[in-house]
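Chains A and B, in that order, are what the protein sequence lines are.
Take 26 as the starting number for the first sequence in the working numbering and just add one per residue.
Take 26 as the starting number for the second sequence in the working numbering and just add one per residue.
Hint data in this document are derived by calculation from the structure and do not stem from the laboratory.
No false leads were slipped in.
Identical copies go unnamed one by one, so any copy, or any two together, can satisfy a pair.
Result set (DMTMM-like, lysine to aspartate or glutamate): computed pairs, CA atoms no more than 25 Å apart in a straight line:
no. : residue 1 : residue 2
1   : Lys164    : Asp306
2   : Lys43     : Asp306
3   : Lys101    : Asp306
4   : Lys70     : Asp306
5   : Lys40     : Glu323
6   : Lys189    : Glu153
7   : Lys56     : Asp306
8   : Lys56     : Asp122
2 protein chains.
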Amino acid sequence: MPFETTATIASFGGKLLKLAHKATSTSCEMKLNLYLPPQSSSSDKKIPVLFYLAGLTCTGDNGAEKGFLQHAASKKGIAVVYPDTSPRGLQIEGEDDAYDFGSGAGFYVDATKEPWTKGYKMYTYITEELPKALFESFKQLDGSRMSITGHSMGGHGALTIFLKNPGKYRSVSAFAPISNPINCPWGEKAFKGYFGEDQQQKWKEHDASELVKQWKGPLDILIDVSQTNVYLNSQLTIPSHPAQGTGDNFYKQGQLLPENFVKAAKESGDDKKVELRMQPDYDHSYFFISTFADDHVEHAAKHLLAW
Amino acid sequence: MPFETTATIASFGGKLLKLAHKATSTSCEMKLNLYLPPQSSSSDKKIPVLFYLAGLTCTGDNGAEKGFLQHAASKKGIAVVYPDTSPRGLQIEGEDDAYDFGSGAGFYVDATKEPWTKGYKMYTYITEELPKALFESFKQLDGSRMSITGHSMGGHGALTIFLKNPGKYRSVSAFAPISNPINCPWGEKAFKGYFGEDQQQKWKEHDASELVKQWKGPLDILIDVSQTNVYLNSQLTIPSHPAQGTGDNFYKQGQLLPENFVKAAKESGDDKKVELRMQPDYDHSYFFISTFADDHVEHAAKHLLAW
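Isolated chain A, as found in the complex (with noise of 0.2 Å):
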């Protein structure tokens, strides 16, 4: 379905869309922003794109506003696009109970469970349905020219896409990735929800821990994870999260499990760069991904810009 540009805003040379779009993968519309580099209008060469998937309790609003990603990529000419998290307002019962499953918190699965097949179909959206909306809307993107990358949520929505997908991106990297869902209390709870608690087949083939042992070949990956603090993703508080001000994190709590990517990689072949880089006293906010959101372009930049 065609795109509705509800507001074009200025940001750092280029333009960044408020669009929204029906879309049937998900059953409902989608908003998402589209951040279009300054040569998007002065070039006749089409432009690569990087997606930047969002974390738990995110729209495509927090990135665009608060992730910096912009600054990049107007100077590399690099598209950005900041999908939402997952379908909005099915009136399934239970989809606004909990910050960590249903609204906001889709987990770029398709899932395979009742009531949540209804619409909760995000890597459909992701992978098929929104890019082909985007490359038949904006001529000026190169759809043979995609990198992906995303925080938390979405740095398993982007390492999982990324292995699932051999070929159609030129690049991943993460900010504090979900790295091994099927053993941390998030994952669980969210692949129970979509898939079922018997389903463990499902479970690993969204696992990025287990889908890069499959890998084959190089691999060139980033990623970077904070490592203290409280979790400020939006301006939403999560009352009921037990790391809110203690002190303790997500990836203390094991929610993250980087170094599982890491070693399954490692033991999967040679040639699998991953480079991990813990940032010490950083949250797991925004205010880490937009200072290290520069790198994570410059590293898509090496792969979109390279031929």
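With chain A's structure known, arrange chain B on it following the hints.
Okay, now just chain B, sitting in the frame of chain A:
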């Protein structure tokens, strides 16, 4: 009064402190953000300070999250102070009735009209109480090297505070400042409310275009003005505001009047260099501020690091 540090968050290699203190001038607890660049812990040398005054509806959080000033400040070794825009919770009748008067709209003046004299003393707070408290508590800050900038109402604050205190601030710049408040609806409403309708002399004492006429000697001011679209100062929407969604904006409505300031500066003598950059396509939001934040920090650094 000493500060309570409610959070310490790493950002661009430095630390963002969320502070609160009981302020005498404003008769309430004031919250603010203080960004300490990496140089503040790695160097014995004291570091200079840039004050960022926010616009209508904002708190000290918005600029810290979405203004992107930390990006350049971390490289230059400059601390950034993000104060609130008014007292809070004084229980004055009507203080929360409008987005452009009372809470979130202190206009950086000391009210002389009842009932606002009870705490609406943002001029004294910003120019005296806050810096005194900061320099007493944070010995790594250099009280002899301050610059000031701000957005919209905060741009008015920055310009007037700079011009009323020769020698106190090394430089000033502004994003879309209200430059001639005695001749625009926002300023007229605020000054009528805080000073009274018949206090024309008082009004002029807080009007940048009047004050610049009295300035002796050279000036070097950077002003960026966004020319289009709607108001998105903070996450709050302003349902009553006529500009919302019309495609018109505050510059076109005559709320900012930066040309009046430039004209007054020019007429009052030589060597008053006001660089006014009109920015087409940009709106009045933090997307505008973040885009030009590097330039404004650079402008301050030119003066703060000169000697």
